[in-house]
Structures are given as structure tokens and as C-alpha cells.
Amino acid sequence: MMNSGPAVAVDRLTVVRGSTTALREVSFALAPGTLTGLLGPSGAGKTTLMRAIVGVQLLRSGSVQVLGLAAGSAALRDRVGYVTQDPSVYADLTVRQNLQYFSRILHTPAADVARVISQVELDGQADQVVATLSGGERSRVSLAAALLGSPQLLVLDEPTVGLDPVLRRDLWTLFGQLAQSGVTLLVSSHVMDEATRCDRLLLLRDGGLLADGTLAELQARTGQSDPEQVFLHLIDHGLGGAA
Amino acid sequence: MNPRLLLATAGRVLAQLRHDRRTIALLVGVPTVLMTLLWWIYDGGGVFDQAGAPLLGIFPMVIMFLITSVTMLRERTTGTLERLMTMPIRRADVVLGYAVALGFAALLQTAVVATFSIYVLDLQVAGPEWMLLVVSVLSAVLGVTMGLAASSLARTEFQAVQFMPALLFPQFLLCGLLVPRDEMPEAAEAISNLLPLSYAVDAVKEVATSPDPTIWPEVLVISGFIVALLALGIVTLRRRSA
Chain Y
418 MMNSGPAVAV DRLTVVRGST TALREVSFAL APGTLTGLLG PSGAGKTTLM
468 RAIVGVQLLR SGSVQVLGLA AGSAALRDRV GYVTQDPSVY ADLTVRQNLQ
518 YFSRILHTPA ADVARVISQV ELDGQADQVV ATLSGGERSR VSLAAALLGS
568 PQLLVLDEPT VGLDPVLRRD LWTLFGQLAQ SGVTLLVSSH VMDEATRCDR
618 LLLLRDGGLL ADGTLAELQA RTGQSDPEQV FLHLIDHGLG GAA
Chain U
4 MNPRLLLATA GRVLAQLRHD RRTIALLVGV PTVLMTLLWW IYDGGGVFDQ
54 AGAPLLGIFP MVIMFLITSV TMLRERTTGT LERLMTMPIR RADVVLGYAV
104 ALGFAALLQT AVVATFSIYV LDLQVAGPEW MLLVVSVLSA VLGVTMGLAA
154 SSLARTEFQA VQFMPALLFP QFLLCGLLVP RDEMPEAAEA ISNLLPLSYA
204 VDAVKEVATS PDPTIWPEVL VISGFIVALL ALGIVTLRRR SA
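Each protein sequence line maps, in turn, to chains Y and U.
Just so we're on the same page, this note's numbering is the position in the first sequence counted from 1, plus 417.
Just so we're on the same page, this note's numbering is the position in the second sequence counted from 1, plus 3.
Mixed in with the good hints there might be a few duds.
Listed next, the stretches of chain U that the computed footprint assigns to chain Y, with coverage defined by at least 3 CB atoms under 8 Å from CB atoms of chain Y [claimed, not checked]:
(1) 4-11
(2) 19-31
(3) 73-86
(4) 90-99
(5) 235-244
Now the in silico label distances, taken between C-beta atoms and shown as ranges [said to hold, decoys possible]:
(6) U:A28 / Y:R532: 36 to 44 Å
(7) U:L111 / Y:L486: 38 to 46 Å
(8) U:T217 / Y:V546: 43 to 51 Å
(9) Y:Q594 / U:V115: 47 to 55 Å
(10) Y:G630 / U:A28: 57 to 65 Å
(11) Y:L475 / U:T217: 43 to 51 Å
(12) U:V115 / Y:A527: 33 to 41 Å
(13) U:F172 / Y:G422: 51 to 59 Å
(14) U:F107 / Y:A487: 37 to 45 Å
(15) U:P6 / Y:L486: 23 to 31 Å
Some residues of chain U that are not near chain Y, with every Cβ distance over 12 Å (derived) [claimed, not checked]:
(16) Q162
(17) P173
(18) I229
Treat the hints as calculated values from the structure; they're not laboratory data.
Predicted model, so just to flag it, every value in this text is computed and none were measured.
All residues carry an ideal CB built from backbone N, CA and C; glycine is no exception.
Between the sequences and the hints, there should be enough to build the whole structure, so can you do that?
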């Protein structure tokens, strides 16, 4: 059942990791069926924010609601797909063995494994041990695991790192299709051209939400047309004044 | 606890082991070679019987401790545990899945080494040989559960390896093999009463010397330690981290 409210609602979220404040009073909401890009320099808090949404991050204050429930609730565990930045799959198992294990946990039909292998275009490598795959192939195995079942929210931490342009295009097309079918996606990236594929962008800097809007809005506000320039302008000058 | 997911996890861990042929060879080969070495230096006979019976459990225990703490730590550090923690699987199913898989490996390992020691090296015990096997397997499983619990204390594999001397060597010194426990300073004996290996060695000594040994009290205590260490392994696995 799809909730009528937002798929993700983050309210004044603050996270402290060790001596640093990783996220400071971050608030935003994601509408169901949208594809949102999460941008920001490394160390800005992107991964921490994603960990908070999937419910494995200890929070200092604020709240994170996912599909109307507190993030990390047991009832969400087969409705949220998460891909960590480093491929979180077993290097000493084959692609198929990895996905079969995750499929058993999610209690999805056996045919689901073949479906996700095709979705990430790894049919030819299905019976290869993950350790023998290239970096890009490994991250696609990790992505395939998140596509198992029918997740309503996908949280993808830099899923296209190390992929060639053709594969990146194919995956972004897939993300777009998933969003159209009603899945909510939050995808972090540091490749600015990918911003053009998103319905909306969130820009983090030093743990704070610096900008939140469509690419067109941010282009207008910064007076820049190239996504990379938009990004650099926002990082250097904030939302203050257009150049 | 969900037996289906527990067994899926155990099957996955065993599949990982199966892909690593060299580890399997080392798992079975190392303790077999060590027992042969022991037989050789004592030239077989009575002293070999005396030292060999307890070491039949201690060698697999040390090896299983290391293997378990490193594999479990790998799960924690490579992001796969973080993924599992976002999925519908209980922490107990993860930890017990590991325990079942590695416990099975321990059983195979100990069975091979014990069979070899008894039938090839002619290791003699006064009691029934199956009891020696039971205690040795329990010691190896104890190694597995100590490894599961210890892996939560380590942040890196480098640290995990060092927990072996830190946690096992004191138990080895106090277990009664070097000095009988009732001849130790009182405080040392009191400490040895709290350590699981002491009970394993007591049981082996009983099997080695008595034609009609009673080992169930020790087996009960060791099983208690195994259950407690498993519980510790489960509660130290956190779904959320800082």
C-alpha cells in the first residue's frame, strides 16, 4: 500500500559521529515516485544521511520517517533497498549465490534473481565469483541485490562510480523507469551530468542542506547553466547571490 | 529466530568456505600435522597419550577461534552486515547461522584429526574414544563461539588476530595442562574455575585416565559457556551504529 504522505520525511535531523557533527538540522521530504539526486563534496554527510534513512545510523536528534514509519522499523525491512558505497556483497561467492542468499532473506520468488541480474546486465557473469569481476561489475551486483523484491524506496550511495558512460546511461534509464513505476529513489552522486536525470536535487555541504530544488531552479538562482558550474557556485557562494 | 534464515546464512557461509580450498586444506591439515609432530617428538607411547588427548581439542579450538573471528569481522567491515541489518533478518539468525556453519566445519575437522590420531598414531585413552571425540568437538565449537564474541571487540583483522593470544593463552596456562589446577596458587585456581578451557581439559583427563569416565558435568558447563558466548555475540551485533 502506498501512503498518501511523503515517502521520506526528514525533520531537523542531527547526527554526531565522534567529535564531528555529520548532519546539522537537516529537513526535507521526498514525494513518492520521485528520483532525487543527493549531491555534495565528499565528507558533506551524504552517506550518513542515507544510513539514517535506511535505519542503521544512531541519531542525535530529529526524526526520519520512511513510508509513514520510523526509519529502521522492522516493517520497512523488505520495502527499502540500500546500496552502500563500497559493494556490499560476498566476494568469495558467485553473483547468483550472492543474490540467492539475499533473495531468501527477502522471501522473494526464485525467478527474481534472474530478473535483477538482467536488470543490471550481468547475465554473462552470473556464475562468476564476485572477486574476479571488475569494480564496476561488483557495484552492479550490489545494486542488483537492492532491486530484489519490490522495494518502495531505493537508497543508492554512488551506484554509478567506476561505470562507463554507456552503463551509466542504462542505469539512469532504469532509475527513471523505477521512479515512473512508483518507486522513490534517493541517489547520491558526484558526477554532475547525472543531476540532469533527477527530478530534484539536494545539495549537502558540511552536514547542512545547502540547496533543495530542481536543476532548473538551481540554474536560475546561480545564473549558471552547466550543472558542474551550478554545483561549484553553490559550494563556493551558497544560495546567497547569483554571480 | 527464523530457522529458514538461520540455515540460509549457514549455507551461505559454508558456500564461501567451499570456494576457499586452501583454507579447507589448512583447516584439516594443520592439526593433523601438529598431532603427528607431537607423536614424533614423544616417540609415541604414554607421554604422547597424556599430552595428545587434550591437544586434540585445543588445536582445533585455536584454529576455529581465528577463522571465526576473522570471517565474522569481514562480515562486519565489508558492508555486508550493514546491508543485512537493513533487511528482514534477525541478528540471532546471522550469528547462529555463522555458529552452525563453522560448528559444522569444526565437527569435520575434529573428526578427521581424531580418527587419524586414534587409528594412525595409536593415541590411547582409558575411556571410550567417542567421548574423546565429543569433548574435542565441544572444544572446537567453544573456539567458534569465543571467536564470534571476540570479533565484536576488534575493529580490524589485525586486532582480531591478536585476540587469540590475549584470550586463549591465559586459558591455556591456567587450564591444568602445565600444572594441575589443584596445585596452583589459590587465586590462579579460582580464575581457572571461571575459564571454559579448564572444563574441557578436565573432561579429557577424565576420559584419558578412567575406563568408565563421568564427563556430563563438564559437558554441561562447556555447553553453558557456548550458549552464553553465543548470546554475547548476538547482543554485541548492533543494528544501528554511530
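| request: State the violated hints by number, sorted upward, taking the hints as numbered earlier in the document. | output: As far as the earlier hints go, not one is violated by this structure.
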